[in-house]
Amino acid sequence: MEKTSTVCPFCGCGCNFYLVTDKGRLTGVEPSPQNPVNKGMLCAKGWNSYEFVQSPDRLTTPLVRKNGELAQSTWDEALQIVTAKLLEIREQQGPSALAFLSSAKVTNEENYLFQKMARAVFGTNNVDHCARL
Amino acid sequence: MTNSINEFEDADLFFVTGTNTTAQHPLIGSRMINAVQQGAKLILVDPREIQLAGFATLHLRQNIGTDVAVMNGIMQVIIEEALYDREFVEKRTEGFEELKSVVSRYTPRVVEQITGIKAADIVAAARLYAEADKAMIVYAMGITQHVTGTDNVKTCANLAMLTGHVGRPGTGVNPLRGQNNVQGACDMGALPVVYTGYQKVIDPAVKTKFEQAWQVEGLDDKAGLTITSMMAAAQRGDLKALYIMGENPLMSDPDTRHIELALSNLDFLVVQDIFLTETASLADVVLPAASFAEKSGTYTNTERRVQISHKAVEPPGQARADWEIIQEVCRRAGYPMDYRSPDDILQEINRVTPSYAGITLDRVEKEFGLQWPCPNEDHPGTAYLHKDKFTKGLGTFLPCDFKPLAEVPDEEYDFILTTGRVYYQYHTGTMSRRIELLEREAPEAVVEVNPDDARRLGIRNNDRVELSSRRGTITLKAEITQRVPHKVVFSTFHFREAQVNLLTNPAHDPVSGIPEYKGCAVKIRRCA
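Quick mapping for you: the protein sequence lines, in order, are chains A and B.
For the first sequence, the numbering used here begins at 13 and goes up steadily by one.
For the second sequence, the numbering used here begins at 106 and goes up steadily by one.
Some chain A residues judged to face chain B by a derived CB distance under 8 Å, without partners named: (1) 63; (2) 67; (3) 76; (4) 121; (5) 135; (6) 137; (7) 140.
Keep in mind the hints are simulated off the structure, nothing from the lab.
Every residue gets a Cβ at the ideal spot worked out from N, C-alpha and C, and that includes glycine.
Put together the whole structure using the sequences plus the hints.
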């Protein structure tokens with residue numbers, strides 16, 4: 013059994029807890045008593061937050077729409093389509109025809125990189141996330 | 106938040122409005138209840154009888170959308186009875202005369218007419234708040250999700266400055282952020298008008314700074330589109346491609362039918378997520394991402410604390426961390442990137458973001474996170490803001506007048522629908538509905554109906570009812586409860602089976618772009 017320190021993925025309180033793993037599988041949550049935010053306490057969402065991670069519904073391969081249906085694909089093909097389409101639209105319609113929606117659920121580093129991609133790579137300030145919703 | 110979660114223990118009084126704290130921020134809710142049990146007072150301003158009402162010294166149930174009038178009324182009494190902090194107002198603020206002139210019209214009697222709150226209760230709230238030594242305003246989306254959201258926020262700030270309840274421990278204006286990294290996403294510049302740390306895109310010096318840091322030329326110096334304007338631009342055909350990471354606008358945005366039209370009108374939609382969400386199923390390309398448990402990185406909570414989260418397990422199948430996917434897209438688009446770990450990215454954030462300059466991986470590991478602003482590696486971080494002066498120097502009172510909801514009830518749509526979340530579910534349900542215990546406790550969409558209204562409409566508890574606005578109709582279960590006042594119904598946006606955002610009004614605040622989820626006109630009837 014191993015314990016890894018993590019931050020709860022639900023609300024903005026930012027409670028800390030340990031994810032417990034056994035042979036590479038998540039088995040539960042243990043609170044982190046020293047942490048100043050939640051001092052070892054958690055709500056029902058936090059206590060059970062490991063469960064959705066191992067849901068059978070998780071996406072495990074890239075998907076690409078072919079003949080109207082989303083079909084399993086490879087990273088190479090999916091990323092090739094993404095970059096080609098974004099570059100093509102920028103070329104033909106200008107950068108303001110592109111927009112990027114970032115996420116209040118991913119890390120700071122990922123948000124940073126996402127807005128850097130929108131601005132430095134594709135040339136648009138059309139980048140936002142769901143703070144308003 | 107201007108202040109810290111630990112300061113909830115120091116406050117003498119909480120002024121809580123537009124937050125169902127025990128349901129949405131349970132750990133902050135329990136801090137508040139503990140403080141109240143130790144003797145702190147609680148003024149709750151909320152149309153619904155939420156759990157905190159049971160702990161409130163005073164519960165003011167305002168008519169929906171009348172928040173500015175409530176707080177103006179409280180300020181009118183505070184000025185009239187000379188209960189304001191004269192020294193704070195003189196030394197640290199400007200615009201007091203303008204404030205006084207605007208709020209003077211909001212006498213308790215006038216405010217009672219607008220808000221439905223008894224004049225005596227307005228007076229009592231004013232005295233309690235002004236006379237407390239350390240009073241804290243706590244709010245959430247009930248304040249911001251209105252066409253007058255910006256006015257509501259300004260009015261909260263006016264109230265705190267008028268009484269000097271800001272810039273000290275246990276005081277302040279404390280918006281509770283709804284998602285675990287919504288604060289961080291804002292701080293990192295995932296907004297159309299700013300780079301990291303709120304450095305403005307229209308500022309030429311800032312533009313030059315980022316051009317140098319990123320080794321590019323000609324960064325866009327005009328404000329970009331907000332999410333609400335993106336959807337409108339897509340519907341007009343001006344926006345051709347949208348890249349969505351970890352968001353589900355088809356469930357979370359108002360007036361779903363129009364969102365679906367907008368997304369379908371795009372030439373290209375790419376969605377990067379951990380599940381095939383409602384939005385992802387419309388995409389041209391779906392990229393499988395790692396969840397929080399499968400990657401490392403930092404998150405910034407509602408009190409501006411940057412904390413590290415570590416990787417516990419491998420992602421399923423071919424799923425990859427979002428930062429790895431973005432890096433790969435950038436490389437393939439011809440922009441060189443070579444980050445080997447999230448820490449490499451954090452170091453770049455430290456270099457370009459003054460408020461995060463001292464927030465290094467080493468320090469967040471050792472110190473249970475750090476609260477920004479933290480301008481250098483020796484700085485201890487900032488537990489509360491505005492200590493001796495405001496960021497801009499003097500705090501300016503920005504008085505506002507009351508404006509009604511964008512869509513008020515009429516003869517046909519005679520109820521107000523207000524929306525939110527419940528304790529056992531979360532947002533569009535993508536994560537929480539895949540947790541057995543949560544799904545057992547709150548398995549389906551429910552609309553709360555007041556008993557008097559229910560009797561008149563012949564609706565009994567657990568009946569199926571049809572709820573319609575000008576934009577759509579949904580069918581769901583009725584819960585007959587005093588929690589909602591007369592002529593108000595409440596429901597949540599967790600359930601794809603009854604998408605409440607088919608009904609909500611996309612009218613939004615002109616400054617913030619936030620839609621008015623907290624009030625639109627609907628009608629309700631029992632299903633035949």
